[in-house]
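S.K.: Residues per chain are reported as follows:
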Amino acid sequence: MTALAAPSDAVLVRRVLAGEVEAYAGLVARYRDRFGRFATQMLGSQEDAEEALQDAFVRGYRALGRCEDPDRFGSWLFRILVNRCRTHGAKRARRERTIVLDEIALKSAGVDGGAEAAAWREAIEWALGKLDEAQREAFLLKYVEDLSYEEMAELTGVGVSALKMRVKRACDRLRVMLREVERV
Amino acid sequence: MRYSMRWLAGVVLLVGAPLGAQDARLEQRLDAATAARVGAIVDSARAAGLPTRPLTSKALEGASKGAPGARIIAAVSRLAQGLRSARDVLGPSTDAELDAAASALMLGVRAEEVAAVRGARSGERLTVPLAVLADLVAYGVPSDAATQAVVQLAGRSEDEALLDFRRDVERDIALGAPPAAAAAVRLNSAGRLESDLTTQQIGIPPPKPRKP
Amino acid sequence: MSDDELIERAAEELRRPVRMDPAVDARVMATVHALPRLGAARGGSGWWAWLTQPLTVRFSPLGALGGAMAVLIAAVVLVPRLTPDDGPGGVAMTTALSEAELIAGSDSTHMVQFVFVAPTAHSVSLVGDFNNWEMDATPLSAGPSRSVWTVRLPLANGRHRYAFVVDDSTWAADPSAPPAAGDDFGVPSSVITVAERSS
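Order-wise, the sequence lines are chains H, X and L.
First residue of the first sequence? That's 106 in our numbering, and the numbers climb one at a time after it.
First residue of the second sequence? That's 28 in our numbering, and the numbers climb one at a time after it.
First residue of the third sequence? That's 86 in our numbering, and the numbers climb one at a time after it.
Treat the hints loosely; a few may be bogus.
Said to hold, decoys possible - To give a feel for the contact side, a few chain X residues facing chain L, derived at Cβ under 7 Å: (1) Gly66; (2) Ile68; (3) Ala158.
What the hints assert, rightly or not - Calculated Cβ distances over 12 Å to all of chain H for the following chain L residues: (4) Ser87; (5) Met114; (6) Val117; (7) Met196; (8) His207; (9) Asn216; (10) Asp221; (11) Pro224; (12) Leu238; (13) Ala241; (14) Pro264; (15) Asp268; (16) Val272; (17) Pro273.
Stated by the list, open to error - What follows is a set of in silico ranges between Cβ atoms, one per label pair, in the way DEER data are often shown: (18) X:Gly146 <-> L:Pro273: 44 to 50 Å; (19) X:Arg98 <-> H:Asp176: 54 to 60 Å; (20) H:Ser180 <-> L:Pro102: 18 to 24 Å; (21) H:Gly179 <-> L:Met220: 37 to 43 Å; (22) H:Thr192 <-> L:Pro229: 22 to 28 Å.
I should point out that these hints are in silico values taken from the structure, not numbers from a laboratory.
Virtual Cβ for every residue (Gly too), placed ideally from N, Cα, C.
Pulled out of the complex, with its shape left as it was, chain H reads as follows (with noise of 0.2 Å):
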């Protein structure tokens, strides 16, 4: 088959809000996975990981004539996503952390590199699983998404400073935790 050039953000917001419904499959297609390893990881739960990120892309596309600047579609997508996690993580009943579990003991068994490999992932998201869920978003915004304290402010609405605490409690907490789980 031939290669073709992928048309850009814009091109494909710019169709959209014409009427051409289909160019808004390409957007998705192109922010799922990356999207989705942050919902995944802010609510521990690929399901409910799926539910917030298929809201999200749906407010998007509802949203979209108020998107002001459509190169930048993928930042402005991803702050409905983080304000969509926020609402499914405060959703989430009891019975879905005992699931979490579950799901990570099935992912490990897939997981190349064996059990040590999966044993490490899962003690990660146990950690960041139990981590209060405004210290997670700031640690995945910081140390997963690679943002900066600027760009998180503009995302999340917190300032700078509060950000920063954040930020540092989530380290502080995930070393002692990934410590323990180490000196066994």
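Since chain H is already given, all that's left is putting chains X and L on it; use the hints.
M.R.: Relative to chain H, chains X and L alone:
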């Protein structure tokens, strides 16, 4: 008398029409020899009270896919045998139930495993449990594990839960989980959901990795 | 290992790419298709009011159990992509989960919508038990950009085997739907189930 003869003629015409329609489809799409052999299998199945639609569909599928006549005949014959075996296990059943059970048997599920599913839903509709069983095995879940899961869920859950279970297992397999593990983990989750675990069980420490 | 190295090691693990279920795409597009087109809706207080309405988003394929003519979405996504990070327009394939299953409340037929995303296709047909496996019987319709192909048809209770044919020559099963049992004649097919609700 004239009225009775007209009525009889109408009945004969009515019964004759579907037979004619099936034969016409097979004759139009298959070579004469293959159509004749397939027609014989279909007639035999009909006489035995088995559903014939899946058999005709299988032949038409083969025709569309350009399969040679011998292969089409073999496929239809195997499916007819599968339907017969399904009826032997299930007894009187709907066409959909027989079709689903035949799929399961043809995928390697044993007769006693299909019977176990029937036993889990005594007197109730079996199409969805049997379909889920077949689908799980088609996805690579060993038949004993699939049967155990379906029997447990069918006995205590509505069909919606069975389909949710199947979808979850399929998704996990698509994302790289071994099929048997996927089914076991999801079944375990379903069981733990039902037992309504308390908060105290959330803080289960992680397994301990060896030092890097 | 220092504290900073420990955190960095954890972050590195978390940065690994995650593969989400490609069904997300199809479910989003199915919902989006049901909304008013953005180009037609712009301007005026009516548009603003519509846009700011709370949205109930439901993705359960069983969400329409109540009606005798429930409409469900079955989705196969065939999205050629250039690299794993690019959107449609490239060459590789992703597929979405088919969720075209319905538990019927009666013996009536039920409308099922099939969605197929194939930006470079010239034609897409649905072929299966319900149309005698005739290649031309059930063509899908493409949207304006010819990326998303759809068709709706009534299906009776039972198991239905099917496949898609792209450009009159390329057969495509739904890899995320259960494969149909039995001989597939070298060309895989998929199966959906429409069944009565259990009592």
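S.K.: If a hint holds in the structure, say so; if it does not, say that too.
M.R.: So, going through the hints one by one against the coordinates:
Checking X:Gly66 against chain L: minimum C-beta separation of about 15 Å lies over 7 Å; hint violated. Interface restraint check for X:Ile68: the shortest CB-CB distance to chain L comes to about 14 Å, outside 7 Å, so the restraint is violated. Taken as an interface hint, X:Ala158 checks out: its beta carbon lies about 4 Å from the nearest beta carbon of chain L, inside 7 Å. Not every CB of chain H is more than 12 Å from the CB of L:Ser87 (nearest about 10 Å), against its label as outside the interface.
Once the 12 Å rule is applied to beta carbons, L:Met114 is inconsistent with being away from chain H; the minimum gap is 5 Å. Listed as a non-interface residue, L:Val117 fails to keep its Cβ farther than 12 Å from every Cβ of chain H; the least gap is roughly 5 Å. Against chain H, the non-interface label of L:Met196 holds: every CB pair exceeds 12 Å, the least being about 20 Å. Separation of L:His207 from chain H is adequate, the least Cβ-Cβ distance of about 14 Å exceeding the 12 Å criterion.
The claim that L:Asn216 lies off the interface holds: its Cβ sits roughly 25 Å from the closest Cβ of chain H, which is beyond the 12 Å cut-off. With a minimum CB-CB distance of about 24 Å to chain H, L:Asp221 clears the 12 Å threshold, and the non-interface call stands. For L:Pro224, the non-interface assignment is confirmed: its Cβ lies about 17 Å from the closest Cβ of chain H, beyond the 12 Å cut-off. The claim that L:Leu238 lies off the interface holds: its Cβ sits roughly 21 Å from the closest Cβ of chain H, which is beyond the 12 Å cut-off.
Against chain H, the non-interface label of L:Ala241 holds: every CB pair exceeds 12 Å, the least being about 30 Å. With a closest Cβ-Cβ approach of about 20 Å to chain H, L:Pro264 is found to remain outside the 12 Å limit, as its non-interface label requires. With 12 Å as the threshold on Cβ separation, the claim that L:Asp268 sits away from chain H holds: the shortest Cβ distance comes to roughly 29 Å. Here L:Val272 stays apart from chain H, with its beta-carbon at least about 20 Å from theirs, past the 12 Å limit.
With a least beta-carbon separation of about 20 Å from chain H, L:Pro273 lies farther than 12 Å from that chain, consistent with its non-interface assignment. One distance hint, 44 to 50 Å for the beta-carbon pair X:Gly146 and L:Pro273, is violated here, with the actual separation near 32 Å. The hint said 54 to 60 Å for the Cβ distance between X:Arg98 and H:Asp176, and at roughly 55 Å that hint holds. At roughly 19 Å, the beta carbons of H:Ser180 and L:Pro102 sit within the given window of 18 to 24 Å.
A hinted range of 37 to 43 Å for the beta carbons of H:Gly179 and L:Met220 is consistent with their spacing of about 41 Å. Range check, H:Thr192 to L:Pro229: Cβ separation about 33 Å, and the 22 to 28 Å hint is violated.
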